[in-house]
Amino acid sequence: MERLKHLPTLRIAARQPITLRFNGRTLAGCAGDTVATLLYGSGERIFGRSLKYHRPRGLYSLDGECSNAMMTIDGMPNLNAELTPAREGMRVEPQNVMGSLKWDLLGGLDHLAFAMPAGFFYKTLHKPSWLWPRAVKGIRRAAGLGVLHPEARFDQRCDAIYPNVDVCVVGGGPAGLSAALAAAEEGLRVALLEARPRLGGFCDYRVRADAQGKPLHQWAAALADQVRARDNIRVFTDAPVVGAYPDGRVAAFQRGGPEDAFDLRYIEITAAGAVVATGCIERPLLFAHNDRPGVMQMGCAHRLLHTYGIRPAADAVFSVAHDLGLEAAIDLHDQGVTVHCVADARTDGQDPLLIAALEQRGIPLRRGWVAHTAHGRSRLRAVTLGTPAGTFRQRIACELLVASAGLTPLTGLVTMAGGQVKYDPRTGFFLPVRLPPNMQACGRLRGLHDPAALAADGTLAGLRAAEGLGCRPQRKIAAAEAALAAAPGAPRGSKWLAAPGKGAKTFICFDEDGTLKHLHQAMAQGFDVPELIKRFTAIGTGPGQGGIPGHNLPLLVAAGQASPASDPMPTTVRPPLVAAPIAAYAGGRHDMAKRTPMHDAQVAAGGRMERVGEWFRARRFGTDPGAAAEIMAVRTNVGLLDASTLGKFRVFGPDALKALQRVYVGDMARTRPFRTTYAAMCNEDGCVIDDGVVIRTGDNDFYITTSTGRAAQTVEWFRYHTRYDGWDYHIVNLTDAHGVINIAGPNARKVLEAMTADDVANTAFPFAACRDLTLAGGIPARAMRLGFVGELSYELHVPASCMETAWRMAEAAGAPFGIAPFGLEAQNTLRMEKGHVILGSESEQRTVLHDLGLGFLWCRTKPEAKTVGALALRDTADQPGRLKLVGFKMETPGDGPPRDGSPVVNGRIRGYVCTARHSHALGEPVGMALVEEELARGGTRLGIYEDGCGGRLRYGTVAPMPFYDPEGTRMRI
Amino acid sequence: MENRIMERKSPVAMPTAPEQVTRRGDWTVALRYGGEGAGPWLVDLSHGAKWDFQSAALETLTPWGMAIPEKPGQCRFAGGMLCSRLNRTQAIAWHIAGAPPPAPGGEAVTDVSDATMLLALVAVDPTGILEKVTALDFQRPQRPWPFVLQGPVAHVPCRVVHLGPGADGTNALLINCARGYARDMAHALLAAGDEFGLRPAGEQAWNGWVAAMEQSAAA
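Protein sequence lines correspond, in order, to chains R and G. FYI, in the numbering used here the residues of the first sequence are 10 to 982. FYI, in the numbering used here the residues of the second sequence are 3 to 221.
Honestly, I wouldn't trust all of these hints.
Which stretches of chain G does chain R cover? Using the computed rule of at least three CB atoms under 8 angstroms from a CB of chain R, they are [unchecked claim]:
| id | segment |
| --- | --- |
| 1 | 50 to 59 |
| 2 | 62 to 69 |
| 3 | 94 to 102 |
| 4 | 150 to 159 |
| 5 | 163 to 173 |
| 6 | 202 to 210 |
Once the Cα atoms are required to be at most 25 angstroms apart in a straight line, the calculated SDA-like pairs of lysine to any residue come out as [claimed, not checked]:
| id | chain 1 | residue 1 | chain 2 | residue 2 |
| --- | --- | --- | --- | --- |
| 7 | G | 11 | R | 485 |
| 8 | G | 73 | R | 737 |
| 9 | G | 11 | R | 511 |
| 10 | R | 132 | R | 117 |
| 11 | R | 759 | R | 976 |
| 12 | G | 73 | R | 620 |
| 13 | G | 11 | R | 934 |
| 14 | R | 511 | R | 785 |
| 15 | G | 11 | R | 221 |
| 16 | G | 11 | R | 821 |
| 17 | R | 667 | G | 11 |
| 18 | R | 511 | G | 31 |
| 19 | G | 11 | R | 298 |
| 20 | G | 73 | R | 734 |
| 21 | G | 11 | R | 600 |
| 22 | R | 875 | G | 108 |
| 23 | R | 667 | G | 108 |
| 24 | G | 73 | R | 133 |
| 25 | G | 11 | R | 721 |
Keep in mind the hints are simulated off the structure, nothing from the lab. For each residue, glycine too, the CB sits at the ideal point set by N, CA and C.
Using the sequences provided together with the hints, build the complete structure.
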C-alpha cells in the first residue's frame, strides 16, 4: 500500500523501508512503523483469533487497549503489535490460530457460544467431579494467547532507574506539557512520562487550527520543544505508567530503541508532587459484531492516516459520538477516503464548524443514529446504521467502520494513589472528586477539550504542584485561573450505551470474548455490582487491563439495575495499569547475594554452592548427595566447615546486660567471662526464633552469635524490644567482619595445636570455653569449643580479610590427618545424629521452646514481663495438644529415610518429619519429627506418608535422642 | 608451626587484573588498572581501616583530634579520615587517603575494617549511574558536601557518602555495604556504569582526586 508522504504530521520515515516476516510472508513498511501499522499498511486485516470463540480480530486501537494485536514476535509471545516498533527482519506470528488466520479450525466455536454462558468456568463441566480436570485441559488447549517455549531465551537488555524529582507529570499532551513547564519555571526538578513515542498527545496528529489559526500539531510541537529545552525537565517517552502510589512513587516502564542502552527499562520515580494528565481513551461503541476486522476506533483511523500515512480503507462509514470523530471523518475524506456517512449518537452539541465542514464536503451527518450491525466475517462488508430504537435502518457497504461512543478519562492513577472519582452525568465521565495529597489532575482527564482550556488547566496544575512544595507562584496561579475561566469548559458527553438487540455478539470485552448477553445473564443471576460481574464473566480481566470494557461495564450495570438512581461505580484499578513485561520489573537482573571469604576456595575444592537465604554456602563437596565421606571424616578424623555466615555481634554499654536479659529467655547475668552460654530468643508468643551463644568479654561487653537466617534482623530486634527503656547500650553487627572456621573431629585439637602457640589442651581450653588466640602469622582468632556436630570441635572467629590465610593454615595443619572440608549436608546429618536442632528445620511458626525440649534454656525466675516471650512460655510449658519433637528410627532400614516434610499419619495427619537421614554412625536411617504429644512416648509406632507412596505407609518407631553419643563424651575429650 | 605470610584480601573482585599493585602491610593494593583513562572510575578502598563509634555522648569523642559531626547525615573529612554521623549515638570513620592513622581507643570504638567493603565512584555526573541502582536522592541541592545517606543500593543496605565535586568538577561518592555483598555490588555498579564508560581504577587515580580536592578546598 502506497503511503502518503506529504502530510506534516507524519512520524515515519517513508523513504527508509524495512521488512519483516509475518505468517511466513515478507511484508514491507517503513521506519517509524509499529508492527501493527506495518501489517495494516501491507494489507493485513486479520491480526489474530479471539480467546474463546476464535473469531477473527483486526486492528482496533493503536495503544494496546485490547489483545487483538497480540502476537508472537521473534519468539516472544503476547507482545502487542500496536506498541512494538517494527524492526528489520522481525519474525511475527499470529496467536491462538489453529489452521490459518482466515480459516481457523476452531472458528466453529463461534456458533457454540450459547453453550458458554456467563460463569461457564464456575458452573459447566463440574459434575461429575472427574470431568472437569479432563475438560479443562482441552479448554486450555483450545483457548488462549501465545505459547512460550520452555527453552526460549530472550537476549533483552533490561535495566532499571530510580530517579528523584520534585514533580512527576504523567502525560505528554498539551495539559501535561503545560504543567511540566509551569513547575519547571519555578525551579523544580520535573519528570515527564509519556506512553507514546512522541509528545503532543491528541494534538500530535491533528491538523485542525486552534483559535489563533495555528494547526494543533504545530502548537503541540512548540510546547514539546519548550519542554525539551528545559534542563530541569526529564522527558521519558514510550514510557507507559504502570502505577502511582500514596508514598509519592510513580512506576513506569520504557521501551528502548537501538540507540538506547536498554530494550526495556523499569522506571520508579520518587516525586514530592505529581500531576496526572493522562487524558482519555475511547469508549467502545457497542453493537452486533462490533469486533469485526474493519471496525476501529476514531483515533486509530485518524492516526493511521496522519501519523503513519496509511489510508485505512478506500471507503468508510463513521458511527461516533464526539467531535473528534467528525474531525477524523473530514480528514480521511480530505486524504482520499470516501466517507459514505457520519452517524453521530448525539442529537445535538456538535461543533458547528465541523458540521459546516461535513456539509461542504457532501458527507451526510445523521444525528442520533448509531451502528446496529457490522456485516462480513474476515473483512467488513457493510454496516447497518439506524436510530437508537431501530425504527429506521440503512445498510451501507463499506470497508471500514470507524466506531466510538465517545471518550473516557484515564483516572486509574488517581484512584490507585488514594484519590476518588465520581460519575458526572454532564460529561458522562468518571471525574476526580478527591485527589491524594500532593497530586494534581488536569486536562482531558477533567473533561476539558478545548486547547486553550487544556493549556490553562495544565499550567494551573503545575503551579499548584509547585505551591505544594513550598514555591509561591500566587500571581501566576491567579493568571492561570483567569485563563481557565475564560476558556471553554467541559463539553457535554455522549450517554449512548448499546444498540438494541440481545447482544449475543455485542462484545464488551474483546480480550475475554465477553458480550452484552453475558452481562445480562450475570445480572439475571443476581450479580449487581461491576466488581462481582467482572469476576463472574471475566469481562475486563484480560491483558488489555480493562481498557476496552472499563467504562462501559459500570454504565451498563447501572442502566440495568432496577433503581434508576443507581450511580455507575467503576471497578477498582490496580497496578499494573498496562500489561508490563515481567522482564521490565526484573530490571538489571542483579542477584545480590553474599559470599563468604572462602567462597572461591570452596568452589575450587568441588563445593556445590547453594543459595541459603542471602548467602551462598557449600551444600557438599563431591557428587554423593548424602556426603558420606564428609560425615565419616568428622566422626573419625577431622573436617573443616566454613561457618562464616553465623550472625556475630558486639553488645556493650552500661545497660548491655539489661538488653540481653530482655531478648534472651535465659538468665544472662549468669554468663561467665569467656565461657559460652547457649541461649535462645523467643517472640512474644514463646515461639523460638533464634539460638546462639553469648560470651561475656568484659564487664559490660558481650559477643553473641545468632543463626544465619536471623543475623539481618538481630539489631532491629534488640532495638525494637528496648525502644521505650532509654538504656545506654550499643550493638555492632560483626557478621561479615569475622569469618568462622569450624574444625571438628577427634583430631581437631591436633590441627589447632599446629596453628597456634597458645595452650589449647583440654585443661586450658575446656568444652564450652572461649579463648582469644593468636594464630601463626599473628592472625587474631576468637576460639570457642562447641559441639554442634557432636565431636571435639573448635569455632575460630578470625578477621574476614585473614580468613583465607587461616583456612589454608588449617588445611596445612590438618594435611597429615587428611583433613577435608565438609558442607551443610554433612553438618545436617551430624547434628541430627546428636539431636541438635536447626531452627526452621525442627521448628515452624508455632513451635515454642518446650516443644523442642529446650525448656531448660528458659529461666523461670527472671521477671516475666521483662523478657520477650516469657509470659507465653509459662502458658505453653504444660499446654496439652502441642506438637513435640521426637527422634525416630525406621522399621525397614533398608528402604532408607523418609523425605523431609513427610506427614506422620496415624489415622489422620498428626505431625511431620523435620529431618531424616541415613546415619552412618548408627548404620541405619534416623530422623526427627514434630508429632502430637500422645505419640511422643518412646516406642510409639509412627505411620509416615511419603509423596508417591501410593497410600502404603512407611513405619518408624519413636526412639530416644541423641542417637549418637548420648553422654556427650566425644565433645569433651 | 612456621610463621606464614599473612595475606589479607579485599572482598571486591574487579573484572580485570590491575596493571600495578603494591604491598601495604598484609594487603595487596591495586594502584593502577589498564585503560583507566579519565574515568568515570570505580575504586576499591576496602583495605582501609574502618571504625564504628557508638556512645550516648558522641560529642565528647574526638578521634584523631577530629570532632564527630553534630547532626546525622553530616560528614567531616580531614587527614585522610572521613567521619560520618549516622544517628544520635553512632558514627563511622573510614581511612580513605594518606598514611594510616593509629587505632582510636576506648570502649565506644569497634574495629569494623573487615565488616564492610568500600567502593569509590568517581564521575563527572554520577547521577546516571547511581539512579540505576538506588532511589537515594544525591541531587537535593540544600545538602552541603560531604554528606552521608543510608538506604538501599542495588537492594542492599548501604551507606553512601557524597564527597562533592573535586577540583575539576568531578564528583566522588563512597559506597559502603556488608562485606559479603562486595562482589555483587561491584558487578552491579560496573554494569550500571557500563553505558557511561565506568571502569575499575586503582588507588593512584583515587589519591589524585583526593589531593586535587584538598588543594581546591585549601585554595
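A quick look at each hint next to the structure:
1. 50 to 59: Per the Cβ count (4), the hint holds.
2. 62 to 69: Since three or more residues must qualify, the claim that chain R covers the segment 62 to 69 of chain G is violated, with 0 doing so at under 8 angstroms.
3. 94 to 102: Three-residue rule not met by the segment 94 to 102 of chain G, so violated; n is 0.
4. 150 to 159: Held - the segment 150 to 159 of chain G has 3 residues with a Cβ nearer than 8 angstroms to chain R, which meets the minimum of three.
5. 163 to 173: Check failed, 0 qualifying residues.
6. 202 to 210: Three-residue rule not met by the segment 202 to 210 of chain G, so violated; n is 0.
7. G:11 <-> R:485: Not satisfied, since the Cα-Cα distance of roughly 61 angstroms exceeds 25 angstroms.
8. G:73 <-> R:737: holds (19 angstroms)
9. G:11 <-> R:511: Answer violated: residue 11 of chain G to residue 511 of chain R is near 77 angstroms, above 25 angstroms.
10. R:132 <-> R:117: holds (22 angstroms)
11. R:759 <-> R:976: Cα-Cα ~23 angstroms, so holds.
12. G:73 <-> R:620: violated (39 angstroms)
13. G:11 <-> R:934: violated (43 angstroms)
14. R:511 <-> R:785: violated (91 angstroms)
15. G:11 <-> R:221: This hinted pair is violated, its Cα atoms lying about 72 angstroms apart.
16. G:11 <-> R:821: holds (19 angstroms)
17. R:667 <-> G:11: violated (38 angstroms)
18. R:511 <-> G:31: Violated. Residue 511 of chain R to residue 31 of chain G sits at ~80 angstroms, over the 25 angstroms cutoff.
19. G:11 <-> R:298: violated (72 angstroms)
20. G:73 <-> R:734: Between residue 73 of chain G and residue 734 of chain R the Cα gap is close to 23 angstroms, so the pair holds against 25 angstroms.
21. G:11 <-> R:600: Holds. Residue 11 of chain G to residue 600 of chain R sits at ~23 angstroms (cutoff 25 angstroms).
22. R:875 <-> G:108: Violated. Residue 875 of chain R to residue 108 of chain G sits at ~30 angstroms, over the 25 angstroms cutoff.
23. R:667 <-> G:108: holds (21 angstroms)
24. G:73 <-> R:133: The given pair, whose Cα atoms are some 68 angstroms apart, is violated under the 25 angstroms limit.
25. G:11 <-> R:721: holds (24 angstroms)
In this structure, the hints that do not hold are numbers 2, 3, 5, 6, 7, 9, 12, 13, 14, 15, 17, 18, 19, 22 and 24, in rising order.
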